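**Student:** Sequence:
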Amino acid sequence: MERSFNSVTRPISAQLLFLLITSFLIWPCTEAAAVSAAEELLKGFEATPNPSIPFFQPLLNDSSSKFSFGFLRVNSTQLALAVLHVPSSEPLWLANPTTLSRWSDRTKVFFNGSLVISDPRTRMFWSTETQGDKLVLLNNSNLQIQKGLDNSNNVNVPTVLWQSFDFPTNTLVETQNFTSTMTLLSSNGLYSMRLGNDFIGLYAKFDSGYDQIYWKHKALQAKAQIIEGNGPIHVQVDPDGWLGMYQNGTTPVDIESFNSFQRSLDGLLMVRLEPDGNLKAYYWSGSSWVLDYVAIRGTCDLPSPCGSYGLCTPGSGCSCLDNSTELSSGECSSSGPYSNDMCSDPKTQKNDIKVLRRGGVEVPFKEWMRYETTPSLEECENACGNNCSCYGAVYNNASGFCYILDYPIQTLLGTGDDSKVGYFKIKEGANKKKINSGLGVGVGLLGGAVLCLIGAVGFGSYKIWRNKKRVNRMLEEETGGVMSGPYKDLGSASFRSIEMCSGGHR
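When the letters of the sequence shown are read in order and numbered with mature numbering (1 follows the signal peptide of the UniProt record, and there is no 0), they come out as residues -32 to -1, 1 to 474.
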C-alpha cells in the first residue's frame, strides 16, 4: 500500500504505528496459520497467546479465509485483538486500540456470551458486555456476536447483539456504514473523521483541549436532498468505487468518486485515515494495495506536514518559521513546551514568552479558521498578546483579517506576499529546563570525578604510607627506633574517599 506523505506527527501510540508498518512482513505466517482457525466461537471458548508465534495467532476465520480474527503481536511484547485481511496481513480493525495487553500466557481471551480480553498484571480489561451465543466473522470482515434466530417477518436470521463495524478504528471497508455517532481515528490518535449535519469533516487534536477542523466535504445534494428533521446522515464505501453520503433510502445525497469509479474490481476496497491526517482509499489488486483516492492532494495542505513551528512552502518543502533555527529530525528546535497559559508569570514577573514575527506566511485551511477584523497589525498582535490562550496570530493587511491560533503552533504556509504577517509566541521553559538539567548532570558528574580523584590520591597515599611503614618496621627491627612521618593521619581519610567514590557505582 502506498504510504502517506512524509509528514511530522507526535505519536500518542508508537505501538500502533509499528503495528501498521510491520504488518506487511507477516503475511506468510498469517496465511498459513489461518487455515487451522475455527469459523465460529461458542460459549466456553478460551485462548492465550502462543509464545512461539512471532506475529499473528488466528482464532477465527471467515468462510472464504480472506479475513482472520486473532492475536496480533505489537512491539514483540504486546498484543492487540485484530481483524486482518489475510492476503496482505493488513489490520482492518482493532479492539480497544488505545490500550494494549501483554503477549503473555497470563493474558486471556474468552467468549462467555461476551468477547473478553483480560490481562491481570496490567489490569487491562475489555469486554463487549453482551449475552450472545456465538462469535462469527463475516465475509466482509465484520466481527459479530449473534444470538438465536430472529423469526420476525418470516426471516430466520440470527439477532446481532454487537459488531465490529459499529466501532471502527482507522479503516472503513466496502458496505460498512459510518454514522454520525462514530469516529474514525488515525493510528497515532492525532486526527479524526466525523460527520456533521451535511458534511464529512477531518479534525486535528493539537493539545489545546479542542479539535480544529482542517478538511470539509459538504454534500452536493444533486440526486437527493437532506431534509432537516429526517435524521442524521451516514457514509458508506461502495464497491463500485465511491464514497456515498446518505440520509434515508438508497439514493445518495453526495458521491465522492474514486479512481476506480464504476469499474469492476475483484479485490477489497477500503478507506483509511492515515497518520499524517490524510484520508485515502485503496483497493486490493491481488498482490498489493493500489491507491484509489486522496482527499488532500497538496503536501502543504495537510494539517502539520513540517511539524510544530514549521513552514511549508509549495514547491520548496519544509523549513522553520524562525530563520535562526534549522529543521532537524523533522522538528524546528525553537518549539517550546505546550501550555494553556501563553502569558508571562504575574507572580514572579518573569517573562518566559518569546515573540517571533515572520512575514510572507499564511494560516493553513484558513476557510475553517477563526478570525477577527482589525484595522492594523498592531491591534491584531495585541488581540493575541493579551489573550493567554492564544498561541499566535496571522494578519492580512489587504483584508484586515486577523486569524487567531487557539492551538499550539503547527505548520504555517509560506507565501511570497509580505503583507501577510505572523505573530507567534514561544514558551522558553523547555529549553531552559534542558539546559538546567544538563548543567545539574554535568555538576554531578564533575563532583563524582573529583571524589574519585581524591579517593585515588588517598589510596595512593595509603599505599605509600603502608610501604614506608613496612620499611620503618624493618628499620625498627634493625635499630630499635620509632620513625614519625607525614602519613600518620591519611589512612582513614583515603578509605573514606574511596568508599564515597565506589558507592556511586553500586
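Calculated from the structure, these hints are not laboratory results. As the structure is a prediction and not an experimental result, all values here were calculated from the model. Each hint should be verified, as a subset may be incorrect.
[As the list claims (entries may be wrong)] Just the calculated beta-carbon pair ranges, DEER-fashion:
| id | residue 1 | residue 2 | range |
| --- | --- | --- | --- |
| 1 | E347 | T45 | 47 to 57 Å |
| 2 | I21 | T127 | 11 to 21 Å |
| 3 | E330 | E294 | 14 to 24 Å |
[As the list claims (entries may be wrong)] List time: in silico DMTMM-like cross-link candidates among lysine to aspartate or glutamate, alpha-carbon distance up to 25 Å:
| id | residue 1 | residue 2 |
| --- | --- | --- |
| 4 | K334 | D206 |
| 5 | K184 | E335 |
| 6 | K322 | E335 |
| 7 | K334 | E299 |
| 8 | K191 | D179 |
| 9 | K34 | D87 |
| 10 | K191 | D269 |
| 11 | K395 | E347 |
| 12 | K395 | D374 |
| 13 | K11 | E97 |
| 14 | K173 | D206 |
| 15 | K322 | E349 |
| 16 | K184 | D206 |
| 17 | K186 | D166 |
| 18 | K191 | D175 |
| 19 | K395 | D179 |
| 20 | K173 | E347 |
| 21 | K115 | E7 |
| 22 | K322 | E97 |
| 23 | K184 | E349 |
Virtual Cβ for every residue (Gly too), placed ideally from N, Cα, C.
**Student:** A separate judgement is required for each hint: does it hold in the structure or not?
**Tutor:** Going through the hints against the structure:
no.: 1; hint: E347 x T45: 47 to 57 Å; result: holds (56 Å)
no.: 2; hint: I21 x T127: 11 to 21 Å; result: violated (34 Å)
no.: 3; hint: E330 x E294: 14 to 24 Å; result: holds (22 Å)
no.: 4; hint: K334 x D206; result: violated (31 Å)
no.: 5; hint: K184 x E335; result: holds (10 Å)
no.: 6; hint: K322 x E335; result: violated (28 Å)
no.: 7; hint: K334 x E299; result: holds (23 Å)
no.: 8; hint: K191 x D179; result: violated (32 Å)
no.: 9; hint: K34 x D87; result: violated (29 Å)
no.: 10; hint: K191 x D269; result: violated (30 Å)
no.: 11; hint: K395 x E347; result: holds (22 Å)
no.: 12; hint: K395 x D374; result: holds (15 Å)
no.: 13; hint: K11 x E97; result: holds (14 Å)
no.: 14; hint: K173 x D206; result: violated (29 Å)
no.: 15; hint: K322 x E349; result: holds (13 Å)
no.: 16; hint: K184 x D206; result: holds (20 Å)
no.: 17; hint: K186 x D166; result: holds (6 Å)
no.: 18; hint: K191 x D175; result: violated (40 Å)
no.: 19; hint: K395 x D179; result: holds (22 Å)
no.: 20; hint: K173 x E347; result: violated (28 Å)
no.: 21; hint: K115 x E7; result: holds (16 Å)
no.: 22; hint: K322 x E97; result: violated (52 Å)
no.: 23; hint: K184 x E349; result: violated (29 Å)
Hint compliance for this structure: hints 2, 4, 6, 8, 9, 10, 14, 18, 20, 22 and 23 are broken, all remaining hints hold.
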